[in-house]
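Chains as they are written, first to last, in our numbering: chain E, 19 to 221; chain H, 19 to 221.
Source of the hints: derived by calculation from the structure; they are not laboratory data.
A few of these clues could be false.
No distinction is drawn between identical chains; accordingly, a pair holds when it is met within one copy or between any pair of copies.
[What the hints assert, rightly or not] Lysine-lysine pairs mimicking PhoX-like chemistry, simulated, CA-CA at most 20 Å apart:
hint	residue 1	residue 2
1	138	220
2	64	138
3	138	40
4	64	164
5	138	195
6	40	164
7	195	40
8	63	195
Computed from a predicted model, the values in this text were never measured in an experiment.
There are 2 protein chains.
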Amino acid sequence: MLLYHDPRAPNPRRVRMFFAEKGVAYDTIEVSIATAANETPEFRKKNPIALLPVLELEDGKVLRESVAICRYVEDLHPEPNLFGTDAWERAQIEQWNRHAELELLWPVQQVFRNTHEYWKGRIHQVPEFADVMREHLAARYAWFDKELAQRPYLAGERFTVADITAACAIDFARVAKIRIDVAAQPNLAAWKARIDERPSSKA
Amino acid sequence: MLLYHDPRAPNPRRVRMFFAEKGVAYDTIEVSIATAANETPEFRKKNPIALLPVLELEDGKVLRESVAICRYVEDLHPEPNLFGTDAWERAQIEQWNRHAELELLWPVQQVFRNTHEYWKGRIHQVPEFADVMREHLAARYAWFDKELAQRPYLAGERFTVADITAACAIDFARVAKIRIDVAAQPNLAAWKARIDERPSSKA
Numbered sequence: 019m020l021l022y023h024d025p026r027a028p029n030p031r032r033v034r035m036f037f038a039e040k041g042v043a044y045d046t047i048e049v050s051i052a053t054a055a056n057e058t059p060e061f062r063k064k065n066p067i068a069l070l071p072v073l074e075l076e077d078g079k080v081l082r083e084s085v086a087i088c089r090y091v092e093d094l095h096p097e098p099n100l101f102g103t104d105a106w107e108r109a110q111i112e113q114w115n116r117h118a119e120l121e122l123l124w125p126v127q128q129v130f131r132n133t134h135e136y137w138k139g140r141i142h143q144v145p146e147f148a149d150v151m152r153e154h155l156a157a158r159y160a161w162f163d164k165e166l167a168q169r170p171y172l173a174g175e176r177f178t179v180a181d182i183t184a185a186c187a188i189d190f191a192r193v194a195k196i197r198i199d200v201a202a203q204p205n206l207a208a209w210k211a212r213i214d215e216r217p218s219s220k221a
Numbered sequence: 019m020l021l022y023h024d025p026r027a028p029n030p031r032r033v034r035m036f037f038a039e040k041g042v043a044y045d046t047i048e049v050s051i052a053t054a055a056n057e058t059p060e061f062r063k064k065n066p067i068a069l070l071p072v073l074e075l076e077d078g079k080v081l082r083e084s085v086a087i088c089r090y091v092e093d094l095h096p097e098p099n100l101f102g103t104d105a106w107e108r109a110q111i112e113q114w115n116r117h118a119e120l121e122l123l124w125p126v127q128q129v130f131r132n133t134h135e136y137w138k139g140r141i142h143q144v145p146e147f148a149d150v151m152r153e154h155l156a157a158r159y160a161w162f163d164k165e166l167a168q169r170p171y172l173a174g175e176r177f178t179v180a181d182i183t184a185a186c187a188i189d190f191a192r193v194a195k196i197r198i199d200v201a202a203q204p205n206l207a208a209w210k211a212r213i214d215e216r217p218s219s220k221a
């Protein structure tokens, strides 16, 4: 399998962490978003909307979207299980993976896109919307902290894909100068330290 | 099963359409976003972040997030299948459900939130961000039209959960005065007409 990725972008990192947890071998091709290599006609043949990551199979078929790629790999390599083993656990993991994506990662990406020098002159930036998202994120970090007082991982007693998504969001948030408030959010900080100890966090 | 919903909101509608396709019986409680009934301390016990829909089971357990609810119901009631029957089909459906959600529904909700009278004075609106999202949606409607020239449904030859998400996004977009350009986007219009013929579209 061949993964088109950018080493600095959060969505490709979700897939690399997932592959590392699974112990799955794969090749990579770097597609730099900084130099707009993802927007060339050639790459748009792989993904018409120019997003990363993209997975290419041996037979040339391509699969887009981080979670679609992770689910595909979970189907091919069921162990260790990261998406749940029964209906209720699968639902809980899906719920928390979506909370991590929609309540953390998506707002973080909006702060980055709408304020950072990286995108200046390349997209229409709206810093005022980034302010709204910063406020949203402060409330959500506090909520995740409260939830993580009740259990060691987002979806329950064990590490799952939801923890990967949240960790990638929180690490990427530092680019936008958003950090865990360790004093006020000790449970979130302790959870993050647990994730950082995993070898997959270096992927 | 008991579904907390708002009849006018797009995410609860995704679940109602899904339940209708499955032929699953359920009860509903209306939680009006217009009157902020979703923000009461009582409802926040069901969902701390005040979003709809929420599914409550017979034993009192609650499940949040539209897609988590749909996956749970798919596990309990596998037929008709709406999430895929093998690894590759499941991956394709996940990919297209995410495209429908992240490229259509999420931007549509941002246009609505940041411009509509409904939210005026209730949230910090940023109309300039809505303009960015409108431009994004015009490009994505054109892309979906191009894709739907190649097959009858988003993820392939048959109706799936991805079509539900896209249809709910496109219907809700009319609230923000965004409509399919029937002359320029005939494939998207024909697909939408196919979805509208299904009894579930009235759910």
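At most 20 Å between alpha carbons: which applies to residue 138 and residue 195, within, between, both or neither? within (17 Å within a copy, 30 Å between copies)
Can you tell me if residue 138 and residue 220 fall within 20 Å by alpha carbon in one copy, between copies, both or neither? neither (29 Å within a copy, 44 Å between copies)
20 Å Cα threshold - placement of residue 40 relative to residue 138: neither (37 Å within a copy, 47 Å between copies)
With 20 Å as the alpha-carbon cut-off, assign the pair residue 63 and residue 195 to within, between, both or neither. neither (35 Å within a copy, 32 Å between copies)
Could you place residue 40 and residue 164 in one of the four classes (within, between, both, neither) given a Cα distance threshold of 20 Å? neither (29 Å within a copy, 36 Å between copies)
Taking 20 Å as the upper bound on the Cα-Cα distance, should residue 195 and residue 40 be classified as within, between, both, or neither? Neither: 31 Å inside a copy, 46 Å across copies.
Within a copy, between copies, both or neither: where do residue 64 and residue 138 come within 20 Å Cα-Cα? neither (26 Å within a copy, 41 Å between copies)
20 Å Cα threshold - placement of residue 164 relative to residue 64: between (41 Å within a copy, 15 Å between copies)
Violated hints for the displayed structure, listed by number in ascending order: 1, 2, 3, 6, 7, 8.
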